[in-house]
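4 protein chains.
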Amino acid sequence: MKSYIQEKLDTFKKINKNRARLLINCADQPGIVGAVSQFLFEHDANILESNQYSTDPHGGEFFIRIEFEINNLKEKATQLEEDFQEIKNKFQMEATFKFVDQVKKVAIFVSKEPHCLLELLWEWQSGDLMADISLVVSNHETSREFVEPLGIPYYYIPANKDIRKQVEEQQIQLLQEHDVDVIVLARYMQILTPHFVETFKNKIINIHHSFLPAFIGAKPYERAYHRGVKLIGATSHYVTNDLDEGPIIEQDISRVDHRDNVEAMKKIGQSVERSVLARAVKWHLEDRIIVYGNKTIVF
Amino acid sequence: MKSYIQEKLDTFKKINKNRARLLINCADQPGIVGAVSQFLFEHDANILESNQYSTDPHGGEFFIRIEFEINNLKEKATQLEEDFQEIKNKFQMEATFKFVDQVKKVAIFVSKEPHCLLELLWEWQSGDLMADISLVVSNHETSREFVEPLGIPYYYIPANKDIRKQVEEQQIQLLQEHDVDVIVLARYMQILTPHFVETFKNKIINIHHSFLPAFIGAKPYERAYHRGVKLIGATSHYVTNDLDEGPIIEQDISRVDHRDNVEAMKKIGQSVERSVLARAVKWHLEDRIIVYGNKTIVF
Amino acid sequence: MKSYIQEKLDTFKKINKNRARLLINCADQPGIVGAVSQFLFEHDANILESNQYSTDPHGGEFFIRIEFEINNLKEKATQLEEDFQEIKNKFQMEATFKFVDQVKKVAIFVSKEPHCLLELLWEWQSGDLMADISLVVSNHETSREFVEPLGIPYYYIPANKDIRKQVEEQQIQLLQEHDVDVIVLARYMQILTPHFVETFKNKIINIHHSFLPAFIGAKPYERAYHRGVKLIGATSHYVTNDLDEGPIIEQDISRVDHRDNVEAMKKIGQSVERSVLARAVKWHLEDRIIVYGNKTIVF
Amino acid sequence: MKSYIQEKLDTFKKINKNRARLLINCADQPGIVGAVSQFLFEHDANILESNQYSTDPHGGEFFIRIEFEINNLKEKATQLEEDFQEIKNKFQMEATFKFVDQVKKVAIFVSKEPHCLLELLWEWQSGDLMADISLVVSNHETSREFVEPLGIPYYYIPANKDIRKQVEEQQIQLLQEHDVDVIVLARYMQILTPHFVETFKNKIINIHHSFLPAFIGAKPYERAYHRGVKLIGATSHYVTNDLDEGPIIEQDISRVDHRDNVEAMKKIGQSVERSVLARAVKWHLEDRIIVYGNKTIVF
Chain A
1 MKSYIQEKLD TFKKINKNRA RLLINCADQP GIVGAVSQFL FEHDANILES NQYSTDPHGG
61 EFFIRIEFEI NNLKEKATQL EEDFQEIKNK FQMEATFKFV DQVKKVAIFV SKEPHCLLEL
121 LWEWQSGDLM ADISLVVSNH ETSREFVEPL GIPYYYIPAN KDIRKQVEEQ QIQLLQEHDV
181 DVIVLARYMQ ILTPHFVETF KNKIINIHHS FLPAFIGAKP YERAYHRGVK LIGATSHYVT
241 NDLDEGPIIE QDISRVDHRD NVEAMKKIGQ SVERSVLARA VKWHLEDRII VYGNKTIVF
Chain B
1 MKSYIQEKLD TFKKINKNRA RLLINCADQP GIVGAVSQFL FEHDANILES NQYSTDPHGG
61 EFFIRIEFEI NNLKEKATQL EEDFQEIKNK FQMEATFKFV DQVKKVAIFV SKEPHCLLEL
121 LWEWQSGDLM ADISLVVSNH ETSREFVEPL GIPYYYIPAN KDIRKQVEEQ QIQLLQEHDV
181 DVIVLARYMQ ILTPHFVETF KNKIINIHHS FLPAFIGAKP YERAYHRGVK LIGATSHYVT
241 NDLDEGPIIE QDISRVDHRD NVEAMKKIGQ SVERSVLARA VKWHLEDRII VYGNKTIVF
Chain C
1 MKSYIQEKLD TFKKINKNRA RLLINCADQP GIVGAVSQFL FEHDANILES NQYSTDPHGG
61 EFFIRIEFEI NNLKEKATQL EEDFQEIKNK FQMEATFKFV DQVKKVAIFV SKEPHCLLEL
121 LWEWQSGDLM ADISLVVSNH ETSREFVEPL GIPYYYIPAN KDIRKQVEEQ QIQLLQEHDV
181 DVIVLARYMQ ILTPHFVETF KNKIINIHHS FLPAFIGAKP YERAYHRGVK LIGATSHYVT
241 NDLDEGPIIE QDISRVDHRD NVEAMKKIGQ SVERSVLARA VKWHLEDRII VYGNKTIVF
Chain D
1 MKSYIQEKLD TFKKINKNRA RLLINCADQP GIVGAVSQFL FEHDANILES NQYSTDPHGG
61 EFFIRIEFEI NNLKEKATQL EEDFQEIKNK FQMEATFKFV DQVKKVAIFV SKEPHCLLEL
121 LWEWQSGDLM ADISLVVSNH ETSREFVEPL GIPYYYIPAN KDIRKQVEEQ QIQLLQEHDV
181 DVIVLARYMQ ILTPHFVETF KNKIINIHHS FLPAFIGAKP YERAYHRGVK LIGATSHYVT
241 NDLDEGPIIE QDISRVDHRD NVEAMKKIGQ SVERSVLARA VKWHLEDRII VYGNKTIVF
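Those protein sequence lines, which keep their order, are chains A, B, C and D.
Its first residue numbered 1, the first sequence is counted upward by one per residue in UniProt numbering.
Its first residue numbered 1, the second sequence is counted upward by one per residue in UniProt numbering.
Its first residue numbered 1, the third sequence is counted upward by one per residue in UniProt numbering.
Its first residue numbered 1, the fourth sequence is counted upward by one per residue in UniProt numbering.
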């Protein structure tokens, strides 16, 4: 990694060494917020941000994300998690502590079109995407020149549907060697097998070039053009085995009109794609997303 | 019609008595703009606005909309149209002159939910929708109280799929008696027969409560909620025999998040529906829309 | 008030008879959320929504808004407020309980242009603005016809700067007779005296027809046109003695271009004005706004 | 310049070798469009796009931009311009032919913050900004590493108000050596003298980090924060001698709320700045902008 980016990451880790996030979901019931707040208070935590949501205050599912600081957090982290076990059991919670200075390891997959990859690299260089971009994987050589100068390894793995299994084995091995936390499909135009998806459940973020569920599948801009729509869009979602059907993280659109042909729509769409994907990845890195069923809660 | 609205309309007609629009489409070929401009110049026309578009400058379809003024237009209108016949023939044009002071006669169809009707009435009262709203037709009594105080006749015609044919006969008779130019389906929840659609071709404007082609058909907000989308939208289109498949005039969206349940989405959506429909109707009244195949050119 | 609106209000009050909001601000310090949550838990409250914010987690100002339900709230309300006194004192809080079924009494002031008034009336009729619109005050007769048919008293009080004092005395007396909670200046083009403003501190909401602080003062559309801006906007704010300088609640903009003259800008702007004002009023009615210094926190 | 960018430019020039734009403004009068269309028809031009505007059809100023193709344009260009002289004289026009394959030479000026420079470079690399970026000038060394790898010369010229005159002399000499057509101030934080501005009249494009005329001058984000605005924006304009008062080309905004401190506003604002500036530069390169008085017509 280039030295000036490494420096930004080091500063970030230092500033955030006492900062953590607690993510909880459980059946909604009285007393949750009180118990959790009391717990944090007793552990000398300073709450920085807190967001909660219930699908239904009368018997729904409850979600909360609390960001907090504790002096000398590193030394106290294990004890904190142990102590929380009691509340976790009492309310039958799913609960996770995330420590902000443990920046996530990211793999980016890309095919021919580099615009989404370039956006992520640019946000990363400017310090807006606090992650360790561990590797870029591509079935084309096109983007090598953007990646290697930044000190990120670039793996060219040719792929097509006939060799899918071997390709994915090679990819999985790489991802495990680099111990990645999240895989970003930045316009990677290969279908993933259920095995791959299962191996990285809720850890694969895709960008689809339409405002789903419109134009599911291939060639959305062509189909948008022929339908004569006045808006085109992009959707970022977690990947599941149902193609383009995973939990949606973020969507946005841009206006088009009769003068825009397919080529123009693609250009306009690329701009939407890159900002939608960048927002989704950022929220994931900041532990703002909870997947619940086939939906996301984004705090 | 209430006197203050009548007054606005009268003023509008007076101001625009010399104003017309010429709408043309034909195969793209050299010399069209020159010939038309020369024609208008020779007829002492003052061009106020001109918009053109070609699907492909090399052998595509050409469209132009010119708004112009001619002193004492009323006396010259017939001659103008006659004189234009030569150019029309030469370039094998579809061409129409629209005279601005001939405000269009509008029928509004509505079922239970009045928000789109109310928006149209409000834009009309404030002078933003220059039309003669000739009648409102509904299969419910709900909206009578909003309509009759404005001096607009309200026809309650109960409808369901078993009596569709008789209902439509009654409606068509009413529409012909009132000599309407355009029918606006302002959340009218009955399906129209091919006969009805054919009778008023490219004259029926509908509002669909989703960003088509997503959620074609019934209950789009329910389905949007279950899919977990982050945007909801509305689409205004001309009605054809293929349900929700007609030429799109306008679309827009609004942002939602995990906190919005179906009810909240409906509320948010209503606001989008009313502005999208109002824009589409306005453009139609101003002769800004040309239907070409299953698409619209909106100048 | 018209019977169908009264019915909506009655239903609203019935549904929300057990619902309240607690608004707090105080110096940020550990333990606040824990103490308040514990208090609500002990009083059998079911938390429906909770939002918090701190200007600075290390020694800043802390704000929280909690919406909750308690069975038989009416019988317990007094005790609840009494019991809370202890926490209030301990943390030196400003804290208020707001009971949702006590819908606010609203006065609307308007001059000649009715678009903002009409928007509020329309949102109110459709059940989106849960308030008791007690009276409309105007220095013109223009809007009487929109107001009286809805069963709302309309007071015509001619005004100009020479008789400002008498006019305001008359207005204040009316407002006090109707016991109003909030005054909405829906394009009321008279300046208020410091005495009037002081009498209804943080209770007067204005709409200014520019994206403040651009074009403070008179004739913003004219000035926007001459400056050649590409965006025009509107700002809703609480009224203070510094003209157009009060705490901003909401702003929005719309795009214009070289073809839009002053008249067109006004039309486009009116649409922004009415939605911005409606949102601001709605948030006020839902107790979502806390004024802090010259800013607002909108939860 | 890097070879793959050079290749894109070469392809662009080849594709557009027969394409030109005619920009006209003159007093509005009958017959202009007819005469120009007839002229182009007689010179075998195929019109690809045409936009016109009149400040007032009765005695205002008239503007038109026509994009067209003529076979073997290169050989006919001189004759074309000569022949047009007659129409030009007759209507007392300002008229210019712009040949699309003569891509403009651009100089980018930048200080410390590289985000706007990076956006322009990225759009350029991806083929969305068809220009010859001839040089980058900066009073800091920070951005050298982004510029030189692309084969663009980077000139570090330290600057401050005491040495303004010498600095500008050096800059002007460089700009003239490189024969630049347009200068983009991509967050260049030095004031330019009237002499510099005069030398490159209507050829210097600036980005100001507020929605002008709000927050003219220094530190707009700080002032936006203290005013408590709910929107922040950016403005791209041609530079004149009145600071931040030149003709506005494009503006846009982004929403902020009480949680956004100055630092957050800057981050959000940078994203608006870069897209606003990129759009403005693109329109300039495509000869879409006509400056008229202190305003722009953008076709």
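Calculated from the structure, these hints are not laboratory results.
It cannot be assumed that every hint is accurate.
[As the list claims (entries may be wrong)] Mimicking EDC-like on lysine to aspartate or glutamate, the simulated pairs with C-alpha atoms at most 16 Å apart in a straight line are:
hint	chain 1	residue 1	chain 2	residue 2
1	A	Lys295	B	Asp257
2	B	Lys267	C	Asp128
3	D	Lys282	D	Asp181
So, going through the hints one by one against the coordinates:
Between lysine 295(A) and aspartate 257(B) the CA atoms are separated by roughly 10 Å; this keeps the pair inside 16 Å, and the hint holds. A C-alpha spacing of about 8 Å is found between lysine 267(B) and aspartate 128(C), which places the hinted pair at or below 16 Å, so the restraint holds. Restraint check for lysine 282(D) and aspartate 181(D): the C-alpha separation of about 13 Å stays at or below 16 Å, so the hint holds.
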